[in-house]
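Enquirer: Here's the letter readout for the chains.
There are 2 protein chains.
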Amino acid sequence: MSKQIEKEFLEYIQTMDAYREASALIGWDLRTGAPKKTIDKRSQVISILSKVHFEMATGEQMKSYLEQLSGYRGEQDMLEDILKECGLEFERMSKIPADEYKQYVQLQSKAESVWEEAKDQADFELFRPYLDQLIETNKKFIRYWGKEERPYDALLDMYEPGMTVEVLDEVFGALKDEIVPLVKRISESKKKLNTEFIYRHFDTESQRDFCLSTIKELGYDLDAGRLDSTVHPFATALNANDVRITTKYDETDFRVAVFGTIHECGHAVYEQNIDKALEGTPLCTGTSMGIHESQSLFFENFIGRNKHFWKKHFDKLTAASPEQFDRIDLDTFYEAINESKPSLIRVESDELTYALHIMIRYELEKMIFNGEVSVDELPELWNDKYEEYLGIRPEHDGEGILQDVHWAGGMFGYFPSYALGYMYAAQLKAAILKAIPHFDELLEKGQIEPIKDWLREHVHQYGKRKTPREIIQLATGEDLNPQYLIDYLKAKYEAIYEL
Amino acid sequence: MSKQIEKEFLEYIQTMDAYREASALIGWDLRTGAPKKTIDKRSQVISILSKVHFEMATGEQMKSYLEQLSGYRGEQDMLEDILKECGLEFERMSKIPADEYKQYVQLQSKAESVWEEAKDQADFELFRPYLDQLIETNKKFIRYWGKEERPYDALLDMYEPGMTVEVLDEVFGALKDEIVPLVKRISESKKKLNTEFIYRHFDTESQRDFCLSTIKELGYDLDAGRLDSTVHPFATALNANDVRITTKYDETDFRVAVFGTIHECGHAVYEQNIDKALEGTPLCTGTSMGIHESQSLFFENFIGRNKHFWKKHFDKLTAASPEQFDRIDLDTFYEAINESKPSLIRVESDELTYALHIMIRYELEKMIFNGEVSVDELPELWNDKYEEYLGIRPEHDGEGILQDVHWAGGMFGYFPSYALGYMYAAQLKAAILKAIPHFDELLEKGQIEPIKDWLREHVHQYGKRKTPREIIQLATGEDLNPQYLIDYLKAKYEAIYEL
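From first to last, the protein sequence lines stand for chains A and B. For what it's worth, the numbering used here labels the leading residue of the first sequence as 1, then goes sequentially. For what it's worth, the numbering used here labels the leading residue of the second sequence as 1, then goes sequentially.
Do not rely on the hints blindly, as some may be mistaken.
Copies of the same chain look alike in the list, so a pair counts if it fits in one copy or across any two.
Said to hold, decoys possible - Restricting the straight-line Cα-Cα distance to at most 30 Å, the calculated cross-link-like pairs of lysine-lysine (DSS-like) are:
no.	residue 1	residue 2
1	147	84
2	176	307
3	37	51
4	216	248
5	51	176
6	63	445
These are computed hints drawn from the structure, not numbers from a lab. Note that the structure is a prediction, hence the values are computed from the model and not measured.
Throw the hints in and build the complete structure from the sequences for me.
Expert: In C-alpha cells, the structure reads:
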C-alpha cells in the first residue's frame, strides 16, 4: 500500500514539474522573441497552467499525500526531502486564503506596470499607494504564518532558507565598516585609471563570438543550453539539461556583454550540474537565491575579473576588436575593468560598491517590516543613505528608490541574497584555494575543469537537498564569514589604486 | 442553469486550448533551437500535457458537456460549431480503447525512428513490419468507427472533411490525363532554359533580408509571428496572434528559401486572419489540410512564380546578389524559376510535376486500404508508377517509397491534401480574377492588400466554421473543379517551353 502511494506521489510530483517546465519555457520565449501581439493570449495560457500547478501544490490531493506519507523514512531518502520541500510550500500557501492570494497576484501585476510609469516619470507618489498595499499584504501574510515576532525573518526565509536579521546585521555591519572607508580612500586617491578605450566601438558579432567561446571554456554545456540576446539578461533552468542564458550587447561598452555573460554562465553551470537523479522534482534547482548568486558572482568576479584569467584571454579579446585595444596592455586593461566609482544605479555599480547598494535596501526593508518607517519617508531616507555610504545623492526618485522592479513584484527580503552571494563566493574561493592552490595557474592555462569539479562536488550537485548554511559549512568548514570578502576587496583595490 | 453550463463549457474549452498552445510552443522550440540534451525530459513534459488534453477531449467531463448541451441552438451560434467539432473528436477517439491508442502512439514514435534508419540505408525491409502494423492498426480503427464500407474515405475525412475516393478519382483522373502528356511534351521540347545562374552563391544574410521584406509586403504580420531557420521548414500557429514560420537557406540555390518562405507565409497569413472571435476555441485554425495548402500554394505559385510579381521584385533580388545575376534579364529569370523536370523526390519537384508525386501515393494508399495490395509489393509498384507517370525510375527505395515520413507517423489519407490544395488554389485564383481583374497589375505595384482582403473574406476568416467544400462553393460558385489548374498549367508551360 505505502509503496503504491509513494509511486503515485512521485508521478504527481513529475506532473507538477511538467507544468513548471512548460511555464518556464513560455516565460523564456516571452522574454527572448515572442511576437508582441501574442502577449494577451499567452498570459491567459500561463495563468491557466499556473492555476493548475498552484492547486496541485496547495490543494486537497497534496494535503492527502503529505498526511499519508508523513513521518516517511523509507529507503529512498530523496523522497523525504521532496516531502519536506512540498510540505513547506503547502504550509506557506495553504495558510493564505485563496481569494486574498489571488488579489495579491493581481496587485503585483498592476504594481509592476505602475512602477514602470512611476520610474519613467521619477514620481514616487504614483507608486506609493501600491507599495503601501504590497507591504500591508505581506505583513498580513506574515501574521497568517504566525511569524509576526520576527516579521522580516519570515520574508528572508523565502529566498534564503534559515537566514535571519541577526546574522545579516552582523555580517553586513562588518562589511560596511570596511567598505565605506575603502570607497572613500579610493575617491581621494591620486591614481587615475585609463578607461577611455572601454567605450570605443566593439561590434556585436565579435562580442558574441568571444562570449560563446569563453562560456564554453568555463564549462557551460551548449548542448544543454543556449545563448540569446535580451534587454534584461537572465538565466533560466527549464530543466538540468536545458539551462538558457541571455546577454545584452553594448557596442560602446563590451563589459556589459562580457561580464554579464560570464555572470549568467555561473548561474547556468550551477543548474546544469545538479545531480540528475533529482530531475523532475522540486529539489532540482539551486538551494537559495544567495547560493545561486554566489555561483554567478564567483564566475563573474573571481574568475572573470581575475588578472590570471585575462593572461589567457586578453589576446583573444583584443584580436576581436584590434583598433580598440591598440597600445593597451594587460595591466591597463585589468585596472580598467576593475575601476571602482560610486554610482547611483545598482546594476551599473562595480564589484566594490555593489554590496553597499544592497545594504541600503536591506536596512530600509528591515525598518519597513519592523514598523519603524512609513512609506512616505522612504525616498528621503534612501537618498540620505546613498549620501552617507557612497557620497552621492540621487537627484530624483527614478535614479533613487524607484530604480529596481523587485518591490513592485512584492519581493521583500530578496535583495540581501545579492550581497550574501558575494560573501559566499569569497568564502568558497578561499576554500577552493586550500584544495587547489594553483587556482590562478589553472586560469592562465584555461583549465577550469578542477575548479568546476570542486564546485560541483561541494555546491552544485546537491540542488535543494542541502540548505545554504549546510552547503557553506560543509564546503568551507565554517559558517558564513564576511572576512573573506573584506580581505579580497581590500587586497585587490589597495593594489589597483596603490593605497 | 443552461447558461451556467455554457459558461463552464467555454472555460473548459479555453483550458484545453491552453494545453494545445503550450504543447505547440514546446514543439516549435524543439524544432528551432532547443538544446539537444533536453529532448528526453521535454518529451515527458509533452506527453504529460498531451495526456491531460486527451483526457479532457475524450473523457467523462466532455461526454457530460456534450450530453447536457446536445441539441443546443442558442443565440451564440459559435457554440453550436464548437460542440460539433468537439463531438466529432469525441466520437472518433472514444471508440478506440485507450490502451490500443496508447500502443499506437508508441508504435508511431518507434516507426519514425526506424523509418529514418531505413531511409538512410535505403532498406525497405527494415521499415516493412512497422508499416504493416501501422496499416493494420488503422484498419482496426476504421472498424471501430464502423466505416469499413469505405475505409479510405474514413482516413481522408480526418484531413479533408467530406472528401471521398469518388471525388478524388474523378479530379485526379482529369488532372493526370492532361499533365502526363504535358510533361512528356516538355521533355521532348527543343527549348533549353538557362538555369545555371540559380546555383551561384547567394549569401544567407542577404537571402534572409529579401525573404523578410517580401513576406512583410505579402501581408505577413511580424508583430504576430517570427521567421527562423530550420532544416525542415514549417508554419505553426500557436494562436492567431502568434503564427511562426521557418525556412531553410541554401547558399547555392536561393529558390529553396525564397519560394519556401513565401509558401510558409501563405499558411501563416491564413492563420493570422482567422476571425479573432474564435480565439481559444478548436475553430480557430485552418479548416482542412487541403484548404491550408491552397493558401501556401497560392502564395508560392500564383503570386511567387508569377512574372508580374517579379517585375516589382527582380531588381531587389538582383541587388542582393549582383554578381550572380550579372547579364540575367527578367525573362530568363522567370523561365528559370519555372523550369519543369521530372524528379524522384516530391519536395524537390516543380509546380507541374508535383501533383503526379501526390497521385502516386494516393493510388497506393487507396489500394492498401481496399486490400488490393500487400505491403511487400509496394516498392515495386511505386517504382512502376514513377516510370509510367514521370518517365523515371528510382534506383533504390531511399529515393522511392521511403522518401517521406508521413506513413511512419501513421498519416494515411494526408497526401491528397497537397494536390487538392493546388486545385483549390487555381480555382480561387480564377474567382479572384473575376473580382479583381487587375490582379497582375497589383502584383507589379506590390499592392497585395485587395488580394489579401479577398482571401480573408472568402477563406481565412472562417477558421473551422465552414467545411472545405462550403468555402470553395461560396468563394467560387461551384464545387472543386480541376479544370482551373489544368488550364493554368497548360497556358503557363506551353508558353515557357514554346510548345
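Enquirer: If a hint holds in the structure, say so; if it doesn't, say that too.
Expert: How the hints compare with the structure:
In this assembly of identical chains, residue 147 and residue 84 lie within 30 Å of each other by CA distance solely inside one copy; the values are 19 Å within and 54 Å between copies. Taking the shortest Cα distances, residue 176 and residue 307 sit within 30 Å of each other inside one copy (26 Å), while across copies they are farther apart (74 Å). When the C-alpha separation of residue 37 and residue 51 is checked against a cutoff of 30 Å, the pair qualifies both within a copy, at 23 Å, and between copies, at 29 Å. Proximity of residue 216 and residue 248 under a CA criterion of 30 Å is satisfied in both settings, with 18 Å inside one chain copy and 27 Å between copies.
Taking the shortest alpha-carbon separations for residue 51 and residue 176, neither the intra-copy value of 43 Å nor the inter-copy value of 55 Å comes in at or below 30 Å. Taking CA atoms no more than 30 Å apart as the test, residue 63 paired with residue 445 passes in neither setting, with 54 Å inside one copy and 67 Å between copies.
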